[in-house]
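Just so you know, the sequences run in chain order A and B.
The opening residue of the first sequence carries number 1 in the numbering used here; numbering runs sequentially from there.
The opening residue of the second sequence carries number 1 in the numbering used here; numbering runs sequentially from there.
There may be inaccurate statements among the hints.
Stretch-level coverage of chain A by chain B, calculated; a stretch enters the list once three of its residues show a Cβ under 8 Å from a Cβ in chain B [unchecked claim]:
hint, region
1, 325-332
2, 374-383
Here are the computed lysine-lysine pairs in the DSS-like style, where the Cα-Cα straight-line distance is at most 27 Å [said to hold, decoys possible]:
hint, chain 1, residue 1, chain 2, residue 2
3, B, Lys43, A, Lys380
4, B, Lys21, B, Lys112
5, B, Lys106, A, Lys380
6, A, Lys380, B, Lys99
7, A, Lys380, B, Lys89
8, B, Lys112, B, Lys99
9, A, Lys380, B, Lys112
10, A, Lys288, B, Lys43
11, A, Lys481, B, Lys112
12, A, Lys481, B, Lys152
13, B, Lys89, B, Lys21
14, A, Lys481, B, Lys21
15, B, Lys112, B, Lys43
16, B, Lys152, A, Lys380
Note that these hints are calculated values from the structure, not bench results.
We put the beta carbon where it would ideally sit given N, CA and C, even for glycine.
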Amino acid sequence: MPLSWIVLTVLAIAAAGYVLGRGRALQSAGGDSRKLHSLPSYYGTNVAMKVIVPSLLILLVWLLVQPIVVSRAVVANVPENVVASGSSMGLFMSDVRRVADGLDAAVAQGSLTRKEAFDIRTEFTNVTQRINEAGVALGSAVTPETLRAAQEFRTLNRIGSIAMSVVVALAALGGIAFGLRESVAGFRARNVVEGGVRLLLIGAASIAILTTVGIVLSLIFNTIEFFRIYPAADFFLSLTWQPSFGGGSSLGIWPLLWGTLYISLIALAVAVPIGLFAAIYLSEYASKPVRAIAKPALEILAGIPTIVYGLFALLTVGPILMVVFGDDGVGWMRSATSVMTAGLVMGIMLIPFVSSLSDDIINSVPQAMRDGSYGLGATKSETIRQVILPAALPGIVGAILLAASRAIGETMIVVLGAGAAARLSLNPFEAMTTITAKIVSQLTGDSDFNSPEALVAFALGMTLFVITLGLNVFALYIVRKYREQYE
Amino acid sequence: MNDMRKIERDVDMNDVKISAKGVQVYYGTTHAIKDVDVLIQDKTVTAFIGPSGCGKSTFLRCLNRMNDTIDICRVTGDIRIDGDDIYDKRVDPVQLRAKVGMVFQKPNPFPKSIYDNVAYGPRIHGMAKNKADLDEIVERALRRGAIWDEVKDRLDAPGTGLSGGQQQRLCIARAVATEPEVLLMDEPCSALDPIATGQVEELIDELRNDYSVVIVTHSMQQAARVSQKTAFFHLGNLVEYGETGQIFTNPQDPRTESYISGKIG
Ligand SMILES: Nc1ncnc2c1ncn2[C@@H]1O[C@H](COP(=O)(O)OP(=O)(O)O)[C@@H](O)[C@H]1O
Ligand SMILES: [Mg+2]
């Protein structure tokens, strides 16, 4: 039975349970819903919950566990000597899975009957060809051992999924019976449903948190793996970045870190003053109609995909800078891609982040503060400088740090605007590159995934993660310190 | 109610500080103040009373042109302080507000130290030649605000950390620091407990020696306790204006009488 059918069956049982549970509860109260502890729909929901939750949980766990159990069982029956030297059990098993998939596909297409698929022998039929015809590509010809293991794999999986259907259906039926028995007038269905809702919400929150933990753990393990094959001291202290996929590369983080910080710094130097001043204008000076048009217009900037900014950097800003600072001008710039190009464009991208958040924060400073200052004979700009900005500072710092972590994590603008050269230089008109851009280029080559040149991506990602985490913690610290002082 | 103000007061009845004639205020199309005439005396506490929404705050805010900060608000008529038209084109509203201080309903100290709160006005108006000068101005203002003794050891502490009553007296000190001639107070005690209210009322009575004080209040007892003159507003009209004792014991207008006896709320 396919998975969707199992789920649909469970849902159908749940729906039936809802109707029956509601009816049974009403009946037990003699048709008078006021005599029930809860509204009739709660009794229905309670039964539906008792059907859905256990059966779908079982289904989920089963789906996760069955492949592991089946693989183990198949592996245990494979003789040692079939695994050719230079290969591994893992590769053999992936062949087995392909063959099994191919046979299943052939059955589904009707080119083999179920019985033929079961009886098929490499000695009599060209199995490789039959499977290729079914649309599953095989790397090598099917050996008798592979086929035997594949058949066992299929059998076990079939048994497993039949057993799963039965168990899930039983759980659903058990749920409905249990839920219906509970559906009598005095039962506190409302409280049970409330508990269910709570569990659902906790579940959603934990999935979010667990995913984060999972991502961080995978980063950590791969980083450890990297440091096992590449010395950490070289990574953190070396000043050169020269990956060569033949081995013997030099993977020092400094040129990349420097590029990242330099570009972010320029971006913030552009975005913070412009964004902040724009926010002040919008919230304190602009008239209502101007604000109604200007604020959304600014926020459109935030909706432009970064690749478009990248093109803008490459095709517009870079050439313009070349005219002024290139060989025909001052002579500082050799190509259109440079730290300055990427930094300027990234700064433009960040303006709406700074301005939109700062505007909200400035608006939330109480009117009483402004009145107090105007009442003492202060002008608008004095009021803004001396009262509003200090009061809004924690929020503004938060907005700036948010923009900073966006800048540090930005990739597309750098790839297109800053060039790809890892370089330690003070000249902002030279091409440099950043951590994120290098992560992309390290993982998109066809290098072996276990080489230091590929694994370094995780160490770089980890470094980036630590930096942004540090930024956020720092932001929280500042905000809290400030709050303590003034609240 | 009149026995609440048994103390005789030597009111200097002579000089008019503020004169308003034919004042109209509109918020968009709402007509909030209708043709109000009033003469406010120097060295006197004048109370504005009336049911909420009758325009007391609006009229008060005309006197230091705070209504200019509200886009939709339009003021017409003639308002003079010491004979000078404050709505004249040559008058800078910012300068005017230094001369006509204001204290608000909710204490609103800035998120700065106590010292900086008081020094705010003198600093922006360049009133101190040097630090010692400024220290002196701050101390004098805090003494006038009757809060010096409580805060003199912690001038660097944030003003927002004081209690409500202390905050309000700090705001009064802050307003006094720019050496205004008129002090406007919009329900200065409505966010305070009775003890803090008592302290602020005592302070208002002292401030009368130097300033012309205009206070909006919801409490008739308070008006009776602190003011010499009372103006009763109703639906944007100035219904009755006169000696506080007169208004409370012998109101001329039936609307005043029913408000005082609690029939209009
Ligand atoms: N900023 C404003 N915008 C529009 N209408 C206002 C504004 N402030 C006050 N009003 C209106 O003006 C009238 C008088 O208000 P206000 O002066 O605050 O009364 P009071 O202080 O006596 O309670 C009310 O009807 C009020 O709705
Ligand atoms: Mg008011």
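Quick check: which numbered hints come out false for this structure? Of the numbered hints, 1, 3, 4, 10, 14, 15, 16 do not hold.
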